[in-house]
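> Sequence:
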Amino acid sequence: MTRDGAVEINETQQTAERISSREADSDFSQPDTATAERVMEHLDAAHTRKASKKAVKKAQEAAVLRTSTSRLQFTDEERETPKLQPYIKKSEKAADKLDAAKAALPKQKKLVKERTFEETTGKAKTRLRFEEQEKPIPGGKAHSNPLSHPAQEAGIFVHNKIHSVEKDNSGVEGAHKSEELAERGARYGTRKLKQGYRSHKLKPYREAAKAEQAAFKANVNFQYHKALQENPQLTSNPFSRFMQKQKIKRQYAKTVKKSGSATAKAAAGASQTAAKKAA
Numbered sequence: 001m002t003r004d005g006a007v008e009i010n011e012t013q014q015t016a017e018r019i020s021s022r023e024a025d026s027d028f029s030q031p032d033t034a035t036a037e038r039v040m041e042h043l044d045a046a047h048t049r050k051a052s053k054k055a056v057k058k059a060q061e062a063a064v065l066r067t068s069t070s071r072l073q074f075t076d077e078e079r080e081t082p083k084l085q086p087y088i089k090k091s092e093k094a095a096d097k098l099d100a101a102k103a104a105l106p107k108q109k110k111l112v113k114e115r116t117f118e119e120t121t122g123k124a125k126t127r128l129r130f131e132e133q134e135k136p137i138p139g140g141k142a143h144s145n146p147l148s149h150p151a152q153e154a155g156i157f158v159h160n161k162i163h164s165v166e167k168d169n170s171g172v173e174g175a176h177k178s179e180e181l182a183e184r185g186a187r188y189g190t191r192k193l194k195q196g197y198r199s200h201k202l203k204p205y206r207e208a209a210k211a212e213q214a215a216f217k218a219n220v221n222f223q224y225h226k227a228l229q230e231n232p233q234l235t236s237n238p239f240s241r242f243m244q245k246q247k248i249k250r251q252y253a254k255t256v257k258k259s260g261s262a263t264a265k266a267a268a269g270a271s272q273t274a275a276k277k278a279a
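When the letters of the sequence shown are read in order and numbered with the UniProt record's numbering, they come out as residues 1 to 279.
Worth flagging that the hints you see were computed from the coordinates, not collected in a lab.
Mixed in with the good hints, there may be bad ones.
Unchecked claim - Derived Cβ-Cβ restraints for the label pairs, each shown as a range:
id, residue 1, residue 2, range
1, R241, E80, 44 to 54 Å
2, Q133, R206, 14 to 24 Å
3, K109, L193, 25 to 35 Å
Claimed, not checked - Pairs of lysine-lysine residues, derived as BS3-like cross-links and limited to a Cα-Cα distance of at most 30 Å, are as follows:
id, residue 1, residue 2
4, K247, K89
5, K113, K123
6, K107, K245
7, K89, K109
8, K107, K247
9, K210, K245
10, K109, K90
11, K203, K83
12, K125, K109
13, K123, K203
14, K217, K203
Beta carbons: idealized from backbone N, C-alpha and C, even for Gly.
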């Protein structure tokens, strides 16, 4: 006889079969939640790491373009052309905003070596000096505190012990549920605080990337309208004009990306070549 009723035991075959017609008692014991809580801890940490890496990756991708766009140099003839004056003004305004955004980027002083040669003796000398450089974008690797893991495991162990006895005491169960909700709220608040701190830290880089894109767009727009001014046949029909504009933009972007910041004139020449080919 067991708690669930009469049981027939076969000692030869080492089996047991319940023969009682009484319904077995329901099991109201709560399952072990150690695995679930451990999974939730890992999910919270993974969510924070993913958000941090995503923000850093976005800023780094935007920084790639920041090393290419330059301020266009306009000739007196271009400045005196009425149709080009609005686009020149927009290009210069965008370039001013880009310069201001770059100046607002965090700076750091780095020790660099400078090698010089004396004309009289012909000997080389190496001097060390501090040079102010743009501070690189903070990395996205999350460094977790190794001391926090034992604390998390201890907390999970305590919760498991409470789970094992709370089924016999409704007061303990209610208090434990309230404690779990408070802990989840604290973890959520900590995660949002970390995300807000990183977002604030990356804000200057986002602003610089935004200004870079605006300057790049203004420069391309000026080159396109300059090509239209010099090649009136490009304005034959709207569809043809649209396709030619896209071709000029692609050529200009390709030239600037390859050449870097010292190629405003080269990019302009490439745009004019593309315009002539399109015509």
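> State for each hint whether it applies.
Right, here's what the structure says about each hint:
no.	hint	verdict
1	R241 to E80: 44 to 54 Å	violated (25 Å)
2	Q133 to R206: 14 to 24 Å	holds (20 Å)
3	K109 to L193: 25 to 35 Å	holds (30 Å)
4	K247 to K89	holds (24 Å)
5	K113 to K123	holds (16 Å)
6	K107 to K245	violated (38 Å)
7	K89 to K109	violated (35 Å)
8	K107 to K247	violated (38 Å)
9	K210 to K245	holds (23 Å)
10	K109 to K90	violated (34 Å)
11	K203 to K83	violated (37 Å)
12	K125 to K109	holds (22 Å)
13	K123 to K203	violated (47 Å)
14	K217 to K203	holds (21 Å)
In terms of the numbered hints stated before, the structure departs from hints 1, 6, 7, 8, 10, 11, 13, listed from lowest to highest.
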